[in-house]
Structures are given as structure tokens and as C-alpha cells.
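Letter by letter, the chains look like this.
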Amino acid sequence: MNLLEREEDRRFADEVRAFVSAHLPAALAHKVGTEQYLDKPDVQVWQAALAERGWLAYTWPEAYGGPGWTPRQQFIFDAVCTEMDCPPLNPMGLRMVAPVIQRYGTPWQKERFLEPIRQSTEWWCQGYSEPNAGSDLASLATRAERRGDRYVVNGQKIWTSYAHWADWMFCLVRTDREAKAQRGISFLLIDMRSPGIEVRPIVQLDGVHNFNQVFFTDVEVPVAQLVGEENQGWTCAKYLLSHERLETASLSACQRTMRRLKQVAFASREGGGPTPADEPLFLGRLVDADVRLTALELRVLDFLGRQDHGQPLGAEVSELKIRGTELYQYTLELLMHACGESSLAYHRDFVLGQAEQPSAGSDDAATAATRYFNRRCMSILGGSNEIQRNVVAKAALGLY
Amino acid sequence: MSAVWADDAQSMFADSVERFVTQTYTFEHRQQRLRTGDPDRRDWRQMAEMGWLGLPFPEEVGGFGGSWQDVALLMRRFGRGLVVEPYLPGVVLSGGLIASLGQGAQHQRYLPPLIDGSLQLALAHETGTLRACPDGGGLGLHGHAAMVWGGATAEAFVVAARLTGDLGVETDDIAIVVVERDSPGLAVTGFPTVDGHQAASIRLTDVRVPADRVLTRDGAAALAWTRDVGAAMVCAEGIGVMEVLFEDTLAYLKERRQFGKPLASHQALQHRLVDMHALWREADGMAAMAVQALDATGSRDDVSARAMAVSSAKVHVAGALRQLGQEAVQLHGAIGVTDEFRISHYFKRATSLSLQYGDADHHRRRCGELLKRRHTKTTSP
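Chains Y and E, in that order, are what the protein sequence lines are.
Just so you know, my numbering puts 332 at position 332 of the first sequence, and the rest follows in order with no gaps.
Add 400 to the 1-based position in the second sequence for my numbering, that's all there is to it.
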């Protein structure tokens, strides 16, 4: 990868590596490296360390306390953290609601909410999808009725990641039932400790609890927590989508998995015997994944170069999400195959990060199948790959 | 367009090639050429006049000192224009071997006429079936090659053959020589290829090669380099072919109406076009990476990095050529399989390119071996 072509970029990468070496506990890195589930305290250890250094909000403008890194430096930081098995940062507050508050928030909202996000003292979740509003998000029905100086919210959200960790939710609600879909939606900040909120866990097929349903019964939300104008919430939501385009490529995840895949594929077995890579057909598929990863890296670098020059990325950047998630899923599938049949043993405690090692077999094998199962969600969340194709077809190719 | 092709606009050849391909070498011109042949080599001579035949060679031997990126930009446009001239095998690869391995007299005999368009060369490198043995001060050649691109019209052949000892035992060494078409013992059978190009099968029966026609007896590295150049350049040409496969299909879906609406209004077709687009854009970056690896390997000694770049690119580009070629035909409906419309011709060239200088499996295997070497710790005994 040509990411570290320049001396200044290499020096920056070394600076990041030094920080990570000094502040990332080895046990936590191991948990991340073996794809075990990370609980809130795990992530908080790392986020707090970054926050103290002023590096947690590394994508924020300097005016809001960001370290003033260029897009390329942000990318390098992300790449080094992936390489060193740092826990992925919780994006809800840092990368999703913060830019919206910075752009559309009132002075009070900025003062109240941004610093706790920057310091990792408050956690957020995203209230978007509903049982009847997934890809068709604009048809959402959770309603907020204005009563004096507050909104009263009734309805429910689903697939709410980390709602069970969150102190706050940024929530899309319907404030005008007469208006056409997008035009009646508002962006509210809701305290998760409000009376009338119930969080119910949704367990995924690998046993992990990450998603939730959230039910609202007469939840009162002060009007001061409306972001932007009433019925202009869709604008805020779209602003969010225009950010973070390169991150949707799941490049870090692909790189991490590819690294593990090569380790497993080429590692000599104890007692001799063929490695997975000794099977030529398997090696061929590994090569295919490696080639696709190179192609994805080059494309991401190309877009990064455009960002460096302040050029717009264009709707075709949605292709990164499609190709990146499909590649990520493919590499996980190959990793499972490399681990073989023993990946089918279900080491629940280890998978959930509650045991230091599986009761039998390797760490890699213990999470290979469950991780493959869990990550089938990547092509569905964040705008399904089918929707992404619609977006490119319309906005980039002008097909309709 | 990937940023790595960014110097495109500044390339001194870019404008003239663009004009040649869009104004002179139109699809109709090409079709006419295929019908009537080009016995006077008019197109080839025009390319010579433009200086393109000298592009890949250093100025010291009468060339224009172009970089591999310059050559690749040319190849890409030849891909767009479906140019059937044997530029890659005849000029870039054959000429390249003479330029890099030849001595003064050999340069003098072959390079000026190659560059001015009066001599055509072809490269035979099927070392599995071509043999050379010592014969006095020179070599004796024996064997055959089935697919010598540009061989139907070539006046001389650059031949790479495996050296055998006096008793016929094969060695690891590769001899590279020049055999002129009228050499006794050389039989050439020319034929058209499915993509509008031409090639030949050649048979050598005790063909005597004097010492002054031997370029090297230690040519394994040079041959490997040449094949990598070939693979990288077919990737570059393939990008040009893919541009048209994609653009034509996009335009067709928007224009063609059935059931009272454009084909483009069907989501299934929209999605397939997006997948074609994504694959093409990735392939563009991979081809550029392969070409950059050629320019970067100045001293030609970090072979494994170059090999990985070229082979990775060929794997990806071959897959993209296959998918875009097949999809473009499919999405054009019945006209996609006619000779009259140009899309089938792009499909055929795409297919041809994917098979040349090692198919996807060949390069997959090569990448696998490189990865294995990189990731396997050798334990000392």
C-alpha cells in the first residue's frame, strides 16, 4: 500500500504506534485480535486512554477540540490501530451525532453534549430503524407531539446497537403526520434514563447481544433537545450520511481478517501435516481475497487523494461499502474454512469475551464460525448493499 | 479515471493517440481493414510516423525513451480503439529484448527498421516446446510454438528456447535469438485470431542460428521480465476495452425501450451495471499498479515485488474482463452476439487479453507461491 510513501506520514504512523504500545493492554489487544465480543468496559479502557491524549475525537475539526489531522492522517491512525488490534471505537457519539450537533446544534446543545462525547464520559445510540421502516427509513412512525415546552414521544425503534450501553439516543421522530414522509421528520436527542423508555435485547445468531428494541411510552423530551428546525430532521440525517464515506469500506476489518487468515493458512501444524495453504484450491481462493483487498485499498487511496485535494467524492463511493463488506464476509468465510470442522464447536463464553481461552482448540477456530455468522449483518446494515446499488445507479450512473 | 493515470493529459503521445483512435481508426475503419487486409501496412506506417514504434526504446538506440506508463497509456487507447496492430508482441516485447540484450550490430540491423515501420517482429517464447543446442559457435533450434502473436506478417522472430546440452539433456538456461523468416528449417503458418489480430504457428527443424543472431544464452531473467511486461500491458489494454464495454452498455440501457420504458428502469439491470462499474474502477487501479511496478523495478532485482504486483493485477483484471465482457453482451440482448455491432468485438478482445501472458489461474498460482514464500518461516536444519 502506498499509504506511507512520505517521510512525514511514516513519522506520524510511528507516533501512533508508540502511543498504542504504551497504552493498549496486551490482554485487550488479544481479545480484539481473536474476535471475541468486547463489552463496554473493554472499549472504555481504550477510549479513555485516547481521550486523555486528545485523540479520541480525531475526526473532529480543531475548533471543536479535534487534533487537527488531515484526512490522510486520520486514515493512517485508523490503519495503525487496526494493525495493532485496538478495539474499534464506538461511532455513535463520536462520528455520528457529534458532526450533526456541530453543524446544526444550538449553543446550549454544543456545550452540553460535545465535551462528554470527546471525553468518553457519555455514550450514545442511534434511534433510526423501526420494524416497518428499515431500508424505507422515511416511512418511520415513532411520533413526537409538541406539548408546550416538550415533545411527547411514542413508538419504537429496532436494531438499536448499544442501546443497553447508552446514556443518550439521537432519534428520528415524526412531528408532522400530514406531511410527505421525509418532510415531517425531526431529529431529537433523548435521555435514555427518561421515564417511559424500555430497552429489550435482541440476540444475534452467534449469541452476541448488540442490537436492541427500544420502546417509547409517553417519553417527555424538552424542546431544547430538538436539533435543527422541526420537520427538518431528514436534512440532519442526510448530513450524517455524507460523512465518513471512506469508512464504510470496512477496510480495517478486511485487513485485520486477512492478516489472521494468512497466519492460519501458512502456519505449520504441530506434529507436521499439511497447512491449509498446501491445498492449492484453497490457496487460490486466498489469493483471490488478497487481490480483492489490494484492489479495495487502491480505490480507497484514490478517494483519499481526492479528499486531500478537497474534491467531492461522488456517489460512486458507495461502491466501497458494497465491495468492502462483501470482501470482509468472504475473508471471514475463508478463515472459517482454514480452521476447518473444529470451528463448529460453540465456545460461547470465549465468543462473548467471558473466558480467557476456549475449552479446546485454537482461539482462531473458536470464533471463526460465529464471527462469519455475525458479520452477515454487514451487507445489510448501514444501508443494505441493494440500496447502495440503487444509490450508485441513480446518483452516479444516472440510470433513473 | 484513477489518479495514477493522472499524467495522461501531459503525455506527449496522448493527444495524437486519442485522435488516431477516435478519428482515423474508427470501428468502421477497423472492420474494413479486417475485410480487405492491410497489405501496404498503411496503419502500421502511420503509427511509425507518429513515433509510437520508437516509444518503448531508449534514446541511445534510436527510440523516444518513453516510460512504461507512457506505453501503457498507448495500450489503453489501443484497447479503446480495438487496434489490431501487433504493437505489444512485435514492438514492445520483441524489440525490447533486442534493445536490452543485443549488441551494436544487432541493434543496427533490427531497431531502426522496427522503429520506422519497415520491419515487423514477433516473439515465440513457448519454452516448453522450443529447444536450442550448441552448434559450432552458434545454436541449433528445434521445436515448435503454437501461438506466435503477430507471426503471420513478421519478417523476423525473437525466439526464446530452452538450452539443452550436447546429449539433449535440458538445462535451466534460456537462449534468446533472432531467426529471420527465410531461415532454412523455419516453417511459418499464419492465421487470423478470433479478436481480429493475427498470429502464426511456427515449426523449427534444425534451424542454424549464427553467433551474431544470439542475443543471450542466459535469458531466464530477461524472459521473466518480458512476460511481466506483457501481462502488465494486456492489463492496460484491457482497461481501455472495459471502458467501452461499460460505457456502451450504460448508454444502451438508457436508450433501449421495451414494455414502454427504458431498460435502465429495471432494478435488476441497474444493479448489474453498478457491479460492472465497481469492478472496472478497481481493475483500473490494479492495472496502474502493475505498470508502476515496471517503472519502479529499475534495477530489475526486486523480482518478487514486481511479480506480485503484476500477477495480482492480472488475476483481478482477467476476472473483470470476463465479467464485463459477458455482462455487456448479455445486457445488449441479441445484438450483443452479432458481428455488425461493436460490443461483441470488445467482448472477444477482452476474452483474448485475459488468456494472454498467463491466464488468471497461472497468476493465481504465482501469487500463491509468492505468499507462501513470504509467510512460511524456514527452519534451519
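I should point out that these hints are in silico values taken from the structure, not numbers from a laboratory.
On a predicted model such as this, the values are computed, not experimentally measured, just so you know.
We put the CB at the ideal spot given by N, CA and C, even for glycine.
Incorrect hints may have been included.
To be verified - Under the rule of at most 25 Å between Cα atoms (straight-line distance), these lysine-lysine pairs were calculated in the BS3-like manner: (1) Lys180/Y x Lys238/Y; (2) Lys772/E x Lys262/Y; (3) Lys772/E x Lys394/Y; (4) Lys748/E x Lys394/Y.
What the hints assert, rightly or not - To give an idea of the chain Y side of the interface with chain E (calculated C-beta under 8 Å), a few residues: (5) Glu8; (6) Asp9; (7) Phe12; (8) Lys262; (9) Ser362; (10) Ile387; (11) Ala393; (12) Ala395.
Structure-based check of each hint:
1. With a C-alpha separation of about 17 Å, the suggested pairing of lysine 180/Y with lysine 238/Y holds against the 25 Å cut-off.
2. For the hint linking lysine 772/E to lysine 262/Y, the alpha-carbon distance of about 9 Å falls within 25 Å, and the restraint holds.
3. Restraint check for lysine 772/E and lysine 394/Y: not satisfied, since their Cα atoms lie roughly 43 Å apart, outside the 25 Å limit.
4. For the hint pairing lysine 748/E with lysine 394/Y, the CA-to-CA distance comes to about 30 Å; that exceeds 25 Å, so the pair is violated.
5. A least Cβ separation of about 19 Å between glutamate 8/Y and chain E goes past the 8 Å threshold, and the interface hint is therefore violated.
6. Violation of the interface hint for aspartate 9/Y is found here, the shortest Cβ-Cβ separation to chain E being roughly 17 Å, above the 8 Å cut-off.
7. Annotation: phenylalanine 12/Y was flagged as interfacial toward chain E, and the flag is violated, the nearest CB pair being 21 Å apart, outside 8 Å.
8. Residue-level restraint check for lysine 262/Y holds (minimum Cβ-Cβ distance to chain E is 6 Å; threshold 8 Å).
9. The interface hint given for serine 362/Y is broken, as the beta carbon of that residue sits about 17 Å from the closest beta carbon of chain E, more than 8 Å.
10. The beta carbon of isoleucine 387/Y is not positioned within 8 Å of any beta carbon in chain E (closest approach about 11 Å), and the interface hint is therefore violated.
11. The beta carbon of alanine 393/Y is positioned within 8 Å of a beta carbon in chain E (closest approach about 4 Å), and the interface hint is therefore held.
12. Given hint, alanine 395/Y at the interface with chain E, is violated; its Cβ is 11 Å from that chain's nearest Cβ, farther than 8 Å.
When each numbered hint is compared with the structure, violations occur for hints 3, 4, 5, 6, 7, 9, 10 and 12.
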